[in-house]
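Per the UniProt record's numbering, the very first residue in the sequence shown carries number 1; after that it's consecutive.
Among the hints, a few may not be true.
Claimed, not checked - Below, a list of computed lysine to aspartate or glutamate pairs in the DMTMM-like style, where the Cα atoms sit at most 25 Å apart:
#1 Lys170 x Glu154
#2 Lys242 x Asp280
#3 Lys170 x Asp322
#4 Lys227 x Glu253
#5 Lys188 x Asp175
Since the hints were made in silico from the structure, they are not lab data.
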Amino acid sequence: MSSLLNDYSLLTHNTFGFDVRARFARTIEDERDVADAFHDTRTASMPRLVLGGGSNVVLTRDFPGVVWLVGLRGRCILSETTDAWLVEAAAGENWHDFVAWCLDEGCRGLENLALIPGTVGAAPIQNIGAYGLEIAEYFDSLRAFDLSNGVIVELDCADCAFGYRDSVFKRLARDRYLILSVRFRLPKAWRARTAYADLARELVARGVAEPSAHDIFATVAAVRRAKLPDPAALGNAGSFFKNPVVGAAQYAELIAVEPELVAYEQPDGSRKLAAAWLIDRCGWKGRCHAGAAVHDRQALVLVNRGGATGADVLALSQAIRDDVLARYGVELEPEPLVV
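Please construct the entire structure, taking both the sequences and the accompanying hints into account.
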């Protein structure tokens with residue numbers, strides 16, 4: 001059984017770098033630890049928070065209960081058919097490292113999701129996506145510990161109810177499951193996804209006309225490093241806001257007054273607006289509130305310049321949301337979990 005840690009600092013367990021503390025914490029390094037923690041009578045009545053890499057959370061205060069620190073490790077190719085590989089990784093595996101491992105094993109498909117911060121277990125919660133791909137496309141199933149009854153279950157794509165940066169784990173099943181491992185089915189019939197403008201431009205700049213999966217992986221990582229701050233150097237949680245989706249009528253009204261509005265047509269005729277463009281147009285890039293700020297190269301990213309609290313970040317995000325709503329009539333929705 002893993003030991004119960006008292007008055008534990010979460011400074012290194014959230015990428016914003018907020019120095020908040022947990023009343024208790026315990027490490028989860030194998031599935032026995034999960035069961036032991038679940039049945040521990042010392043903390044059974046306390047609030048519980050599950051943390052992986054802490055890359056999509058805003059900690060606003062000391063946590064009055066017990067924090068489970070997920071460190072489950074392991075990855076493998078479960079099976080191979082003539083059409084696909086079935087790969088699995090434990091929830092505590094670093095996402096970027098897992099994508100790199102897949103490519104080294106000859107399993108292509110996830111390369112557009114290179115350098116996304118966080119763990120494998122967090123990926124289905126957020127239905128992470130970038131550069132023309134969401135994990136839902138290659139997701140097969142996951143194993144999870146049901147915190148309502150202590151039973152291990154397997155959930156498929158339908159069970160997870162994936163949406164844009166969304167899943168059942170953020171709605172009806174919030175706080176119900178601890179994800180143990182995730183499986184992806186990666187088809188052998190591979191095609192390069194290079195339509196995203198920033199990726200296409202960088203491939204041209206590198207003189208890569210027919211990119212391999214490794215080429216895309218390296219190029220995506222380079223583009224992300226150029227645009228986004230490293231959380232190890234400047235505290236942040238990546239993109240703080242979702243790109244809002246508006247109907248055709250509202251889009252027509254917006255484009256009439258903002259011809260340069262960046263938007264992407266969706267299959268149902270709606271438009272996904274670039275939240276970064278809206279925020280930048282409102283003049284927020286580089287602006288500060290206490291120790292929190294909008295990054296000067298990417299308006300979607302809120303950063304901790306040093307000494308900021310979770311409350312400072314939330315106050316800044318609310319001011320941005322109010323400004324965008326007043327100017328464009330568009331509601332921005334934050335991505336991170338607020339605790």
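Status of the hints after comparison with the structure:
{"no.": "1", "hint": "Lys170 x Glu154", "result": "holds (18 Å)"}
{"no.": "2", "hint": "Lys242 x Asp280", "result": "holds (15 Å)"}
{"no.": "3", "hint": "Lys170 x Asp322", "result": "holds (24 Å)"}
{"no.": "4", "hint": "Lys227 x Glu253", "result": "violated (30 Å)"}
{"no.": "5", "hint": "Lys188 x Asp175", "result": "violated (35 Å)"}
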